[in-house]
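**Q** One-letter residues, chain by chain:
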Amino acid sequence: MVERMERRAVISGAAQSEVGRRLYRTGIDLTVEAALRAVEDAGLTTADIDGVSTYPGFGGSFGGAMGAELHEALRLSLNWRSAGVETAGPLGAVHNAILAVATGLARHVLVFRTVVEGSGGPLRPGSGGGGGGGMAGSAGPFQFMIPYGAASAACWVACYARRHMHDYGTTRTQLGAIAVNGRANAAANPKAIYTDPMTIDDYLAVRMVSDPLCLYDCDVPCDGSTAVVVSHRDHAPDTPAGAVGVNAMGTAIRGRPSWDQFDDLTSMMMRHTAASMWERTELTVDDVDTAQLYDGFSWLTLAWIEAMGFCGKGESGAFVEGGVNIGPDGSAPLNTSGGQLSAGRLHGFGHLHEAVMQLRGTANIQVPGCEVVAVGAGGGPETGCLLLTKGPS
Amino acid sequence: MSGDNPPRFVLASPESEFYWRSGADGRLRIQRCGECSRWVHPPGPACPFCHSRRVGPEPVAGTGTVATYTINRKEWIPGFTPPYVFAFVELDEDPTVRIGTNIVDCEIEEVEIGMRVEVLFEESGEWHVPLFRPAVTEES
Ligand SMILES: [Zn+2]
Chain A
100 MVERMERRAV ISGAAQSEVG RRLYRTGIDL TVEAALRAVE DAGLTTADID GVSTYPGFGG
160 SFGGAMGAEL HEALRLSLNW RSAGVETAGP LGAVHNAILA VATGLARHVL VFRTVVEGSG
220 GPLRPGSGGG GGGGMAGSAG PFQFMIPYGA ASAACWVACY ARRHMHDYGT TRTQLGAIAV
280 NGRANAAANP KAIYTDPMTI DDYLAVRMVS DPLCLYDCDV PCDGSTAVVV SHRDHAPDTP
340 AGAVGVNAMG TAIRGRPSWD QFDDLTSMMM RHTAASMWER TELTVDDVDT AQLYDGFSWL
400 TLAWIEAMGF CGKGESGAFV EGGVNIGPDG SAPLNTSGGQ LSAGRLHGFG HLHEAVMQLR
460 GTANIQVPGC EVVAVGAGGG PETGCLLLTK GPS
Chain B
18 MSGDNPPRFV LASPESEFYW RSGADGRLRI QRCGECSRWV HPPGPACPFC HSRRVGPEPV
78 AGTGTVATYT INRKEWIPGF TPPYVFAFVE LDEDPTVRIG TNIVDCEIEE VEIGMRVEVL
138 FEESGEWHVP LFRPAVTEES
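So the sequence lines, in the order shown, correspond to chains A and B. For the first sequence, the positions run 100 to 492 when our numbering is used. For the second sequence, the positions run 18 to 157 when our numbering is used.
Worth flagging that the hints you see were computed from the coordinates, not collected in a lab. Be a bit skeptical, because a hint or two may be false.
Okay, the calculated bits of chain B under chain A, using three or more residues with CB under 8 Å as the criterion [claimed, not checked]: (1) 28-36; (2) 39-48; (3) 82-89; (4) 117-131.
Built from N, CA and C at the ideal position, the CB exists for glycine as well.
Model the full assembly from the supplied sequences, consistent with the hints where possible.
**A** Structure, rendered in structure tokens:
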């Protein structure tokens with residue numbers, strides 16, 4: 100196997116700001132809080148940070164804070180900075196940082212994802228997943244959905260969920276296992292938004308939003324920032340909390356880059372993205388100790404479970420039903436900090452943070468002997484993933 | 018949807034303008050390649066298959082099949098009064114031509130995957146917005 104350059108990098112630090120439904124703090128304020136904690140967590144000072152990477156790189160409620168804002172706020176001196184929305188989903192900011200470290204452009208890259216969608220007001224139409232819609236119309240690909248009142252990613256994901264149910268017999272009771280599992284795990288997460296117990300009957304009784312998706316199939320907007328430090332693996336022995344290795348990253352976008360024109364209405368781009376990750380490693384899905392898979396909408400998690408190979412295509416409903424397989428004691432413990440459905444829409448970086456905690460052995464619900472974690476984030480055509488290990492890969 | 022027509026917020030691009038105007042004569046048009054004859058949607062500046070720039074709108078029958086749908090129960094945009102059906106319809110000429118639309122002129126409970134539908138148009142300012150309804154005309 101040719102050298103996998105991502106293995107030159109490790110995640111040396113990880114931290115989150117305060118997280119809440121509505122904090123009424125600015126995005127840069129939350130970002131600085133998370134960033135300073137992450138730098139200290141990595142055993143570094145801000146003078147060591149020579150790179151910054153973020154997604155999507157613009158402010159506002161969805162964008163949180165710009166890379167340049169953090170650069171200025173901490174008076175960093177950088178060799179490399181990057182931000183962008185045309186990545187393999189939000190984890191693209193991590194992919195970029197890994198590449199910068201692997202190629203020697205930077206040695207310690209501060210990566211962050213900040214959202215203030217809780218206090219920042221409702222999502223603008225089409226913003227779910229980083230799209231470009233708008234209430235006043237959109238000349239881009241969303242021009243064919245906005246005029247029909249399909250203004251939210253909920254509408255688009257619901258169409259895929261419906262077809263999955265039609266083709267494979269997936270039921271709402273099965274889909275509900277994702278939400279119930281997340282809520283149960285969120286109870287152990289002091290930063291989670293929703294922690295009240297939820298049963299499958301509660302799930303089935305709540306109001307529909309975009310049928311077959313109900314309120315509990317949709318994540319909860321929140322305010323918060325997550326930061327990680329991506330360092331060269333040479334720094335691993337000096338990390339106080341232990342370095343997390345990057346074994347492989349998944350970035351492929353092999354089908355049509357579209358929410359509405361993807362060839363298969365029962366899967367999304369993560370099918371290709373996850374495949375590209377497995378092509379870069381000798382590990383297999385059987386080596387994965389826990390999966391942190393995006394649940395911006397519960398059905399996206401089913402799509403990720405199939406894409407990662409935890410079960411066959413179309414079998415995710417049966418796989419998650421009842422929550423045994425995906426529970427903390429199951430074969431594939433899932434979203435062990437509550438995911439976005441209950442812990443808040445930190446846009447994939449909550450999942451990334453939890454993966455680091457699991458590999459350090461410091462998670463609130465710790466999977467015993469955790470050595471390999473799969474992280475997948477995003478939906479539609481904007482998906483990316485990482486295979487992370489305890490210690491450098 | 019009931020009562021007044023919803024605000025459609027059509028914002029056409031130079032490539033798609035024909036799509037939103039096509040219904041003025043009661044016919045749906047889709048972009049087609051003049052070289053390889055394949056249908057292209059959404060429309061673009063060149064054929065994505067053979068890269069010919071000889072692409073242009075061509076009338077289609079306006080019939081197709083519901084590939085999937087959602088029943089919106091939430092008011093995402095003021096004026097779009099729930100419940101209403103958003104669907105992807107695959108056209109008979111080429112099922113890879115997938116059109117987002119509303120299914121109208123029937124009870125929402127009647128909509129199902131595989132349902133046969135036909136186009137109709139709703140005037141919205143300068144645009145004729147393609148909608149679909151159960152294909153009553155082909156039943157016999
Ligand atoms: Zn052609």
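**Q** Among the hints numbered above, which are violated by the structure, and what are their numbers in rising order?
**A** Checked against the structure, the only hint that fails is number 2, while the rest are satisfied.
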